[in-house]
Amino acid sequence: MNKTVAVIGAGNGGTAIAGYLASCGLNVNICDLFPKYLDGMKEANGIDITINGNTSHQRMNKITCDIGEAISDVRLIMIVTPSFTHSMIAKACASFLKDGQIIVLNPGRTGGALEFLTTIRAQGCTKDIITAETQTLIYACRKVKKNAVEVYSVKKEVELGAFPSNRTQEVLDVLHPYYPQFKAAKNCLETSLSNIGALLHPAPVLLNIGRIENDKRGYRYYWDGITPSVAILIQEMDKERIAVAEAYGAHVSTAEQWLRQSYETEGDDLYQLLQHNNAYADIKAPSTIDVRYITEDVPMSLVPISELGHIANVPTPNIDAVITLTSSICRKNFRKEGRCAANLGIDGMNVQQIAHYFETGIIG
Numbered sequence: 001m002n003k004t005v006a007v008i009g010a011g012n013g014g015t016a017i018a019g020y021l022a023s024c025g026l027n028v029n030i031c032d033l034f035p036k037y038l039d040g041m042k043e044a045n046g047i048d049i050t051i052n053g054n055t056s057h058q059r060m061n062k063i064t065c066d067i068g069e070a071i072s073d074v075r076l077i078m079i080v081t082p083s084f085t086h087s088m089i090a091k092a093c094a095s096f097l098k099d100g101q102i103i104v105l106n107p108g109r110t111g112g113a114l115e116f117l118t119t120i121r122a123q124g125c126t127k128d129i130i131t132a133e134t135q136t137l138i139y140a141c142r143k144v145k146k147n148a149v150e151v152y153s154v155k156k157e158v159e160l161g162a163f164p165s166n167r168t169q170e171v172l173d174v175l176h177p178y179y180p181q182f183k184a185a186k187n188c189l190e191t192s193l194s195n196i197g198a199l200l201h202p203a204p205v206l207l208n209i210g211r212i213e214n215d216k217r218g219y220r221y222y223w224d225g226i227t228p229s230v231a232i233l234i235q236e237m238d239k240e241r242i243a244v245a246e247a248y249g250a251h252v253s254t255a256e257q258w259l260r261q262s263y264e265t266e267g268d269d270l271y272q273l274l275q276h277n278n279a280y281a282d283i284k285a286p287s288t289i290d291v292r293y294i295t296e297d298v299p300m301s302l303v304p305i306s307e308l309g310h311i312a313n314v315p316t317p318n319i320d321a322v323i324t325l326t327s328s329i330c331r332k333n334f335r336k337e338g339r340c341a342a343n344l345g346i347d348g349m350n351v352q353q354i355a356h357y358f359e360t361g362i363i364g
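The sequence shown begins at 1 in this note's numbering and counts up by one.
Everything labelled a hint here was simulated from the structure, so no lab data went into it. Among the hints, a few may not be true.
Heads up, simulated DSBU-like pairs for lysine-lysine below, C-alpha to C-alpha not over 35 Å straight-line [as the list claims (entries may be wrong)]:
1) Lys143 with Lys62
2) Lys143 with Lys98
3) Lys62 with Lys127
4) Lys332 with Lys91
5) Lys36 with Lys143
Using the sequences plus the hints, can you model the full thing?
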């Protein structure tokens, strides 16, 4: 493998992935389109990363806001940003991409790899590019300083799919020396519809909105915010997601199965699995509803699940209710702004055509 990789995004996940890959001996170019996220790294000439209680300083090959500079002469490009920035990043890098490059969205949320490819093609990029997406971020982590990140846990297994699906193994071959946890999904429909963040983020924020806005002391997001009643709504949304996946022939795990696969936890139901998951113990609730749990996970996760459901005539009333309520509260049209069928380039297709498109990359 080319020993230089690019990591786009200097937030929690991007800093963790950049630091880890550097610790593996790779030359890492870290890039963020917003300079403030890089200032601390430039001052420290690298990243301090803590994994399993051990902290090390990892120097970066390049620390830059110039995306063309960051992705030049690299094969692997790891994009680790909120999914509402994927289209913007695609537009920014389209003219610099070269044949054979691999772009991995960590994670893609729902429809990420398809949206990214659709966007670069609309910008006139005709290069042989593989776009791929992970089902979730491999780390539970947080930046603790401007140049420092702590990894609380590493997921045992994370599904990855490429668009089209016959390119998935190429991506895994490049990643496996560093991330053997990545496993092949059937296609990007499976990774997209395995998006557990769509369940665990918007509904708990919505149902705790009074507490978020009034309780300045804060609370533990999962352990305090997801009560038995909140867990019931999440489970009902999960049933709708599973039904949508089944309509497209995608095999996805339930939220309960995913928690057991990803973490060292136990319990008889979703609520207990969350309460016994020590990886979630120290994750604090947001202090505002203007947070990516809403601004990202509603338009980029719930909306495309709902859209796919509507195309397949699969009812998604609970998912639709969360989209409607959060849109009203935030005074946004999340359905129009997000990954609706038109924005994904699948408007007018039927179930069979969409499934074929994700499998082969061919429309029709």
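How the hints compare with the structure:
With a C-alpha separation of about 19 Å, the suggested pairing of lysine 143 with lysine 62 holds against the 35 Å cut-off. Of the supplied pair hints, the one linking lysine 143 and lysine 98 holds, its CA atoms being roughly 32 Å apart against a limit of 35 Å. For the proposed pair lysine 62 and lysine 127, the alpha carbon gap of about 25 Å is at most 35 Å, so the pair holds. For the suggested pair lysine 332 and lysine 91, the alpha carbons sit about 23 Å apart, so the restraint of at most 35 Å is met.
This hinted pair checks out: lysine 36 and lysine 143 have alpha carbons roughly 14 Å apart, not beyond 35 Å.
The structure is consistent with each of the numbered hints, conforming to all of them.
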